[in-house]
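2 protein chains.
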Amino acid sequence: MTTETLNARSITTKANVYFDGKCVSHSFVTAEGENKSVGVVLPAELTFGTAAPEIMECVAGSCEYQLEEGGAWLPCTAGQSFKIAGNAKFNIRVKDAFHYICHYG
Amino acid sequence: MTTETLNARSITTKANVYFDGKCVSHSFVTAEGENKSVGVVLPAELTFGTAAPEIMECVAGSCEYQLEEGGAWLPCTAGQSFKIAGNAKFNIRVKDAFHYICHYG
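Top to bottom, those sequences are chains F and E.
Residue 73 in UniProt numbering sits at position 73 of the first sequence, with consecutive numbering throughout.
Residue 3 in UniProt numbering sits at position 3 of the second sequence, with consecutive numbering throughout.
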């Protein structure tokens, strides 16, 4: 099941722009008071780092991700999620677009 | 004064991607029930079309915009807005990034 909308309390108006715009997200606070972001990764192969643990939930499009250098590349499509540890890096490659919700903690 | 956050009711998780990602926005519904979007235009010169009238409010960065072909290019920076009629086109050019709230109607 794909999460098309989320209840929100407030939204940060300035976008987060990473990798020259290959990834753009907007941060918001849910109705329950949790910090999350919604974003999109455009065609690219990128390495992201985490501070807190994150769950990336795909809401449209798809990606492949690699949690450990040299490890398996796994697919993630709409309705699927993957979890990344805190203080970790992961690789992601996108052919078309990967629309996601980022859940923290 | 710059609008850094907005009260929201719900957010659409899938981004709107225009011009191969030169413009990315996320749609949301305000606490008052109005449809708006927050977005960013990256370095580019683009022509946008409107359906309903729009007010583009700059929340960070800047752009220059031209409401009529051959007309003046006007600057818009954080805290400023410009209004576009419905069923109209406008040109925008961005050197760094133009972060905006789009108000409809």
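Just so you know, the hints here were simulated from the structure itself, not pulled from any lab data.
A virtual CB, placed ideally from N, CA and C, is assigned to each residue, including glycine.
Misleading hints may appear alongside valid ones.
Said to hold, decoys possible - A few chain E residues that don't get close to chain F, going by computed Cβ distances all over 10 angstroms:
hint: 1; residue: Asp20
hint: 2; residue: Lys22
hint: 3; residue: Leu42
hint: 4; residue: Glu45
hint: 5; residue: Ala52
hint: 6; residue: Ser62
hint: 7; residue: Gly71
What the hints assert, rightly or not - Here are a few chain F residues that face chain E, going by a calculated C-beta distance under 8 angstroms:
hint: 8; residue: Met1
hint: 9; residue: Glu4
hint: 10; residue: Arg9
hint: 11; residue: Ala15
hint: 12; residue: His99
hint: 13; residue: His103
As the list claims (entries may be wrong) - Distance condition first, Cα-Cα at most 20 angstroms in a straight line; then the derived PhoX-like pairs of lysine-lysine:
hint: 14; chain 1: E; residue 1: Lys22; chain 2: E; residue 2: Lys89
hint: 15; chain 1: E; residue 1: Lys95; chain 2: E; residue 2: Lys22
hint: 16; chain 1: F; residue 1: Lys95; chain 2: F; residue 2: Lys22
hint: 17; chain 1: F; residue 1: Lys22; chain 2: E; residue 2: Lys89
hint: 18; chain 1: F; residue 1: Lys22; chain 2: E; residue 2: Lys95
hint: 19; chain 1: F; residue 1: Lys89; chain 2: F; residue 2: Lys22
hint: 20; chain 1: E; residue 1: Lys22; chain 2: F; residue 2: Lys95
These are the hints, each one checked on the structure:
1. The Cβ of E:Asp20 sits about 8 angstroms from the closest Cβ of chain F, inside the 10 angstroms cut-off, so the non-interface label is violated.
2. Interface exclusion of E:Lys22 from chain F breaks down, the closest Cβ pair being 8 angstroms apart, not more than 10 angstroms.
3. For E:Leu42, the non-interface assignment is contradicted: its Cβ lies about 4 angstroms from the closest Cβ of chain F, within the 10 angstroms cut-off.
4. Every C-beta of chain F lies more than 10 angstroms from that of E:Glu45, the closest at about 15 angstroms, which supports listing it as non-interface.
5. Every CB of chain F is more than 10 angstroms from the CB of E:Ala52 (nearest about 20 angstroms), matching its label as outside the interface.
6. For E:Ser62, the shortest C-beta to C-beta distance to chain F comes to about 13 angstroms, beyond the 10 angstroms cut-off, and the non-interface label holds.
7. Even its closest Cβ contact with chain F, about 28 angstroms, leaves E:Gly71 beyond 10 angstroms, as expected for a residue assigned away from the interface.
8. Proximity of F:Met1 to chain E is violated relative to the hint, the smallest CB-CB distance being about 12 angstroms (cut-off 8 angstroms).
9. Residue-level restraint check for F:Glu4 holds (minimum Cβ-Cβ distance to chain E is 6 angstroms; threshold 8 angstroms).
10. The interface hint given for F:Arg9 is met, as the beta carbon of that residue sits about 7 angstroms from the closest beta carbon of chain E, less than 8 angstroms.
11. The interface hint given for F:Ala15 is met, as the beta carbon of that residue sits about 4 angstroms from the closest beta carbon of chain E, less than 8 angstroms.
12. Because the closest C-beta pair between F:His99 and chain E is about 5 angstroms apart, less than 8 angstroms, the hint holds.
13. Evaluation of the F:His103 hint against chain E yields a violated restraint, the C-beta minimum of about 12 angstroms exceeding 8 angstroms.
14. Taking the CA atoms of E:Lys22 and E:Lys89, the gap is about 17 angstroms. The hint holds against a cut of 20 angstroms.
15. In summary, the hint linking E:Lys95 to E:Lys22 is supported, as the alpha carbons are separated by about 12 angstroms, within the 20 angstroms threshold.
16. A C-alpha spacing of about 12 angstroms is found between F:Lys95 and F:Lys22, which places the hinted pair at or below 20 angstroms, so the restraint holds.
17. Pair hint F:Lys22 plus E:Lys89 does not hold up; C-alpha atoms about 26 angstroms apart against a cutoff of 20 angstroms.
18. This hinted pair checks out: F:Lys22 and E:Lys95 have alpha carbons roughly 17 angstroms apart, not beyond 20 angstroms.
19. With a C-alpha separation of about 17 angstroms, the suggested pair F:Lys89 and F:Lys22 falls inside the 20 angstroms cut-off, and the hint holds.
20. With a C-alpha separation of about 17 angstroms, the suggested pairing of E:Lys22 with F:Lys95 holds against the 20 angstroms cut-off.
Of the numbered hints given earlier, the model fails hints 1, 2, 3, 8, 13, 17; all others are met.
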